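Trainee: Chain by chain, the residues:
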Amino acid sequence: MEFAQILKILWARKLITGAVIAVAVAAAVAVHSSVSSIPTGAATVQLLVDSPDSALANLSQETTPLTERASVLAQVMTSAEVLKEVAAAAKVPLSEITAEGPYSGPGQVLDVITPAEARSNQLLAEHAKYRLTFLAQTDEPVVTASVQGPTAVSAAAVAAAIYPGVESYVTRLQHQSGTPPAHYVTIRQLGPPQAGSVNSSTRSTLTIAAFIGILLLGLLGVLGLEVISRRARENAALESEHEAGYDELTLDTSALTTAHAQPHVRADVGGTAARRR
Amino acid sequence: MSARAAERPGRLLSLIGAVLAVSLLAATLVGFKPSLSPPALHTRSWSKGAAQGEVLVDTRASQLATVDPLAPASLALAGQLAVSYALYLESDQATQALGQALGLHGQSVAASGPFTLLLGREAIAGERPSPPNPILVNHSYRLLLDVDGERPMLSIYAEAPTAAAAIALVRSAREVLAEHVRERQPPGPGGPQSVTLRMLGPVSGGTIGGSARWQLMVFVFLLVAALGASLIYARRMRTVRVARARAAIGALDALDDPAGELDEWPHTRRILPWALAGFMAMIFLVPFDAIDLPINLPLSSTADRPILLALIGLWLLSLAIISGEARPRLQLTRVHVALFAFLGICCLSVVLNGPALANMGEVGLSAKKLVLLGTYIAFFVVVASVIRPREVPRFAALMVGLGVIVAIATVVEYREHFNVFYEVWKKILPVTIPEGLDGRDSIGRLNVYGPTNQPLELAALLAMVLPFAIIGSIDAATRRRRVLYTIAIGLLLAGGVATSRKTSIVAPVGAVLILMAYRPRTIARSMLGLAIVLGVIVHVTSPGALGSVLSQLEPGHVNNVLSTTDRTARYAAVKPDLLTHPLIGRGYESYDPHKYRILDNEYLGLLITTGLLGLLAYLGVFASIMTAAHRTVRGPDRRRASLALGALASVGVIALASALFDVLSFPHVPYLLLFVAGMIVALREPTPATQPVRRAGSRPAPLPLGDGAPGDGPPSPDDEDAGRRIGAPRRRVPVAAG
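If you're matching them up, the sequences are chains A and B in order. 80 is the number of the first residue of the first sequence in this note's numbering; add one for each residue after it. 20 is the number of the first residue of the second sequence in this note's numbering; add one for each residue after it.
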């Protein structure tokens with residue numbers, strides 16, 4: 080089908096074409112305005128795993144044991160036990176929070192392809208509003224927590240809740256295990272959470288994709304229906320011509336009664352067949 | 020109205036009713052399992068439950084919350100202990116106990132792991148015969164233990180028919196492990212270093228593929244209904260179909276017929292065919308995917324982008340300023356429709372799963388790939404509108420020539436460990452050398468890249484050219500040409516096997532089988548006749564390569580070689596992804612192989628990312644190209660038929676290769692595939708008449724009036740001034756771009 084012919088068909092079917100364009104525009108607008116479902120906020124906060132008399136201010140104290148604990152703590156922070164505390168501090172439901180990591184230092188081995196059982200759980204967490212990632216520094220007792228949330232403000236609120244959540248868990252653990260206060264692992268927050276906006280182009284990307292997708296499929300549908308109806312008309316015309324040929328043939332043969340007419344009928348049959356071909 | 024016409028509506032209605040009934044039955048069978056006694060329909064479960072829980076291996080005086088400089092450093096020991104606990108949970112004793120806890124009537128659950136520790140390690144132990152296991156394992160209940168070996172946190176994952184069962188399985192695993200530890204501890208409260216298992220929070224879980232059943236039922240209903248409707252439509256329209264096919268074939272000229280002076284590449288001053296030839300040379304000779312130009316283009320700055328943009332710009336310019344036969348023929352064929360439908364579905368797959376993709380930070384990747392797909396389709400539109408039927412044999416010959424150059428360079432790379440493409444281009448442009456170049460893969464095969472980014476891509480590229488060389492050899496008019504084409508076949512095969520990939524044998528065999536399906540005797544006779552010559556060429560040029568590839572394909576070995584087991588292992592691993600979005604997928608190309616897993620299967624990748632609809636549309640692209648070629652293959656013009664057959668087999672190679680690697684991720688193959696598709700579309704067109712080229716909107720020069728005046732009437736072959744008088748494209752439009 081030539082391009083000019085396509086334009087003619089679309090022009091001839093102005094209403095349907097217009098409806099397809101309108102639906103495509105409406106879908107694009109709907110996607111663009113679905114603000115709440117696209118996360119646009121991110122925040123980070125750093126936690127120092129320390130001792131009561133800070134290791135950073137004491138030259139006689141080795142930081143290696145603290146670094147080891149920071150690495151383990153970063154992993155424990157992804158568990159439901161700590162997330163429960165964080166969710167409570169941030170006043171969001173636990174089901175809206177998911178966490179992953181740590182993907183640094185020895186934790187890099189965790190960032191691997193996963194078998195089906197683990198992948199199923201990743202899929203269940205795909206729609207969680209708040210996604211937390213914990214990265215433990217290789218040589219320092221510092222854990223960096225990143226939060227992605229619906230808005231920068233809400234992401235910052237959850238990031239701010241990480242410190243009280245983790246501290247609450249560690250304190251409970253210390254009470255349960257009867258740790259002497261002098262040996263407490265002490266969690267310190269290194270400054271307030273840093274928040275900002277992310278995914279700025281996501282909405283426009285999805286808007287354009289929605290418009291193109293619906294427009295393409297809609298216009299192909301319009302053209303497809305037109306082709307089908309044209310073919311049906313052509314087919315009907317050809318078949319009526321075909322049947323008219325048969326009717327003529329029947330009339331001719333009924334009119335002919337003499338044996339001399341038989342060759343003529345045969346010739347007619349041949350002629351009709353030839354025309355059909 | 021005749022009696023035959025009168026009975027039609029009733030018959031049509033009954034046919035439609037039958038199709039709907041069959042569709043409904045098929046959809047019902049997908050969603051429900053029928054039983055005869057008692058007669059009933061049982062819901063067929065397509066969903067799965069999944070759950071996760073963590074356990075911290077700690078001491079009574081918690082290691083995690085305490086910093087005691089005098090206490091022994093036992094975190095590492097606890098990490099090792101966690102591995103032991105993970106392995107205990109995989110033992111027969113534990114899995115049986117878990118089966119008992121879940122009420123599985125003597126069956127145990129399946130357990131595996133820890134995958135974090137095992138990944139990346141090669142299995143060096145040979146397979147030994149093992150006695151039959153008397154324990155029945157219920158594979159619907161699967162437990163996965165994971166621990167990294169350094170930190171004492173044990174992750175427990177479970178899959179079961181329902182979410183509740185999965186959660187129960189994780190809980191039971193925790194209890195069984197706690198019991199195991201308790202049993203091994205001395206009675207009493209224990210010291211501060213005694214092991215304590217801390218259950219890290221509640222077990223979380225949910226259902227995977229909750230809507231899969233309905234989505235599959237809707238899909239099957241629509242698919243069967245569409246197939247039935249197509250059959251009815253095709254049957255009813257057979258008259259017009261036959262008439263149209265005859266008219267189309269009747270309008271075609273024979274390519275070998277002399278047609279006077281034609282404006283055909285390479286004897287043309289049209290720029291676009293030359294630009295296409297240049298683009299094809301780039302596909303074969305430039306590792307463009309590894310060249311990142313220092314210019315700022317949206318999404319990607321690989322070397323093909325500016326060239327493609329220039330090509331499209333030139334094409335648009337031609338459409339705008341050129342008229343007459345030199346203008347690109349813009350049209351909508353079945354191949355265009357299939358490609359646009361595929362693009363539309365890919366766009367919708369991203370939109371419908373947009374929020375989740377945005378949540379995972381994967382919209383950018385999908386957008387990039389959608390733009391790439393759009394550029395592939397734009398390339399096809401340009402090729403299909405520019406190439407003329409009489410140019411197809413010349414482009415096919417060019418393709419074979421370029422393929423032979425690549426094959427020779429591949430053989431050199433195999434033998435001398437020197438990649439001429441990367442070595443030359445890195446002196447001119449910023450080339451990123453692939454990491455594995457000149458290295459060996461996990462099973463010891465040499466990585467031979469040629470101008471591509473993957474040995475599989477190179478093998479597919481050479482296999483695509485092979486059918487044109489075979490057809491060229493068979494149809495060669497002279498002995499010299501036949502010998503040259505035979506050498507080309509040998510070199511293409513040698514280049515293919517030098518990649519040491521199974522695809523280098525599987526793909527050419529697929530191509531030959533397709534050729535044989537149309538011309539069994541000719542192809543079989545030709546290939547048998549050439550077998551010894553080709554064998555010698557391949558053996559001499561790439562010594563050892565053929566044996567290496569054939570050994571991978573030996574019976575009993577083909578299913579055990581790591582590259583095959585890796586592929587088959589993925590089928591089970593991606594099941595959760597398939598069940599989550601079976602109809603429209605998780606978003607086109609959003610399944611990042613670096614983040615999730617390398618699938619090495621385009622069909623599987625599309626099934627995950629675009630669902631059944633996207634996969635169907637992708638298959639539709641192949642079907643549309645191959646059916647378009649089929650009609651020409653069955654046509655009366657032998658030359659057109661041969662070229663269409665070569666092109667059909669070439670497309671068939673990629674349809675086959677799509678099951679062996681992710682072809683859309685490697686641009687050389689899609690570009691060449693769509694070029695060949697453009698050739699197929701061109702072969703269905705009649706040769707355009709030689710007409711003057713003129714600017715759009717400009718009027719042709721008025722013909723002089725009067726009897727016997729020069730230029731009056733059609734030009735005769737003897738009239739030397741005729742061309743100059745009538746159109747004189749060279750004078751009126753010095754540079755014709757179309």
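Hints are supplied without guarantee of correctness; some may be wrong.
What the hints assert, rightly or not - A short, non-exhaustive set of chain B residues, derived as facing chain A with CB atoms under 7 angstroms: (1) Leu60; (2) Ser159; (3) Leu219; (4) Leu250; (5) Ala253; (6) Met256; (7) Leu349; (8) Cys366.
Derived from the structure by calculation, the hints contain no laboratory data. What you are looking at is a predicted structure, and each value in this text was computed from that prediction instead of being measured. Quick reminder that beta carbons are idealized off the backbone N, C-alpha and C, glycines included.
Trainee: For each hint, tell me whether it holds in the structure or not.
Mentor: Tested hints:
1. Leu60: Violated: closest Cβ of chain A sits about 28 angstroms from leucine 60(B), beyond 7 angstroms.
2. Ser159: Interface hint status for serine 159(B): violated (12 angstroms vs cutoff 7 angstroms).
3. Leu219: holds, 4 angstroms
4. Leu250: violated, 14 angstroms
5. Ala253: violated, 10 angstroms
6. Met256: Nearest chain A Cβ about 5 angstroms off; hint holds.
7. Leu349: Hint on leucine 349(B): holds, closest Cβ of chain A at ~4 angstroms, below 7 angstroms.
8. Cys366: Cβ of cysteine 366(B) sits 3 angstroms from chain A, so the hint holds.
In summary, the numbered hints that this structure violates are 1, 2, 4, 5.
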